[in-house]
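Order-wise, the sequence lines are chains A and B.
When we follow the numbering used here, the leftmost residue of the first sequence carries the number 1, and every step to the right adds one.
When we follow the numbering used here, the leftmost residue of the second sequence carries the number 1, and every step to the right adds one.
Everything labelled a hint here was simulated from the structure, so no lab data went into it.
Don't be surprised by glycine CBs; every beta carbon is placed ideally from N, CA and C.
Check the hints yourself; a few may be wrong.
Computed spacing ranges between beta-carbons, pair by pair [said to hold, decoys possible]:
no., chain 1, residue 1, chain 2, residue 2, range
1, A, ALA79, B, ALA135, 15 to 23 Å
2, A, GLN81, B, SER155, 51 to 59 Å
3, A, ARG120, B, TRP77, 40 to 48 Å
Computed, partial: chain A to chain B, Cβ under 8 Å [unchecked claim]:
no., residue
4, PRO39
5, LEU102
6, SER163
Residues per chain are reported as follows:
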Amino acid sequence: MRSAKGATQRLHPPIETRYLQTKTGTEMNNPLAKHAWSPYLVGAGIGVLSWFAFWSADHPLGITTAFEHTAALGIQAVAPQFAESNSYFQDNSPKIGWEWMLVVGVLLGSLLSSFASGDRERVVVPEMWRRRFGDSAALRMSVAFFAAGLMMFGARLAKGCTSGHGISGTLQLAASSWVFSITFFTVAIVTAFLLYGRRASENV
Amino acid sequence: MFDPIWKLALGLITGIVFGILLQKGRVAKYHVILGQFLFRDWTVVKIMGTAVVVGSVGVYALLEANAVSLHLKPLMWAGVLAGGICFGAGMALFGYCPGTSVAACGEGRRDAMVGVVGMLFGAALFVGFYPQLSAFAKAWGDAGEITLPQWTGTSPWLWIGALVAIAVVGILTERMKHTPSRPRHAKHVGHGKHVRA
Numbered sequence: 001m002r003s004a005k006g007a008t009q010r011l012h013p014p015i016e017t018r019y020l021q022t023k024t025g026t027e028m029n030n031p032l033a034k035h036a037w038s039p040y041l042v043g044a045g046i047g048v049l050s051w052f053a054f055w056s057a058d059h060p061l062g063i064t065t066a067f068e069h070t071a072a073l074g075i076q077a078v079a080p081q082f083a084e085s086n087s088y089f090q091d092n093s094p095k096i097g098w099e100w101m102l103v104v105g106v107l108l109g110s111l112l113s114s115f116a117s118g119d120r121e122r123v124v125v126p127e128m129w130r131r132r133f134g135d136s137a138a139l140r141m142s143v144a145f146f147a148a149g150l151m152m153f154g155a156r157l158a159k160g161c162t163s164g165h166g167i168s169g170t171l172q173l174a175a176s177s178w179v180f181s182i183t184f185f186t187v188a189i190v191t192a193f194l195l196y197g198r199r200a201s202e203n204v
Numbered sequence: 001m002f003d004p005i006w007k008l009a010l011g012l013i014t015g016i017v018f019g020i021l022l023q024k025g026r027v028a029k030y031h032v033i034l035g036q037f038l039f040r041d042w043t044v045v046k047i048m049g050t051a052v053v054v055g056s057v058g059v060y061a062l063l064e065a066n067a068v069s070l071h072l073k074p075l076m077w078a079g080v081l082a083g084g085i086c087f088g089a090g091m092a093l094f095g096y097c098p099g100t101s102v103a104a105c106g107e108g109r110r111d112a113m114v115g116v117v118g119m120l121f122g123a124a125l126f127v128g129f130y131p132q133l134s135a136f137a138k139a140w141g142d143a144g145e146i147t148l149p150q151w152t153g154t155s156p157w158l159w160i161g162a163l164v165a166i167a168v169v170g171i172l173t174e175r176m177k178h179t180p181s182r183p184r185h186a187k188h189v190g191h192g193k194h195v196r197a
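Chain A on its own, in the form it takes in the complex:
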């Protein structure tokens, strides 16, 4: 049993080195063909992109409003009577807008970037999760579904996420965003250590 597990593990190159390869050496001159850019360059790029978003569309970068609006439009379509009695629809007017297209753009940008570099990750169970919790797809999918739901619920309760509060809000020096970001980071660290433990975390 033990040796079989060891054998399957060797099929995967170490997590860290996989991302350092490009499709072929000759494509190195095209920045899109690289697997990774410097995190400082990426961060500066997101910073400049947020100037552009504020200036061009009068919008901060944010993701979760689009999900809220999609869900609200869905509820309106499926249960119009319920929607009529729900004060959400008096306080908000859900729409397909700039933020909705931003989310579509993120998907397209990532598709483009990952195809250009060959960094395609058709995984069901991430390697690090598999080493800790086994390769049950049902377990990983259920946790992903409910955890993502909980995350989105929290984001809408606080009116922002990692982008809306964590980046756009903190860069505006918004008090709410600093409180939110410190809270979520602390809770995520505690949760991650509960999941992986001190010893298991060495597998990263």
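Chain A is fixed; fit chain B onto it per the hints.
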């Protein structure tokens, strides 16, 4: 129900650039997100920190030139704290945040695709229970749409100066640790150049 077409196109273009940056920053990957929370991989903090420092300098400069206006979220204590707790626990279990999970779908990650459906479910719950939840969010008080400089009666440039200083110290400290004589380092680089060198 629809924004004008130019605004939709602008959103799409901004999103495409955002998606490329997230994918090249490797934050659409489960082990990079979890690695940050376990203090094994500092990519997330490097990206978010740089984005906040660069973003704040530009946005406050544009604000002084009257080219932009701020969009602050209200400080509703119960909503922000309870939301932050749900968000943090959910993000560590899921392994992606809302934006990076969409980028992870673009990379082909199946668990992120299931998560996006779960996010719609979570958003629907929020909309469904909106009357109760919006009352709860303000239950411990609402300090309004306020910035840290307004709250403390200080200049925003004092805060931005402090953020820049923290970033410079952080980058210099990291540079000093990144000496080639320490092979352990090759394991944890956030970007390729240290390993290829």
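> Going through the earlier hints one by one, which of them does the structure break, listed in rising order?
Replying inline: Every hint satisfied by this model.
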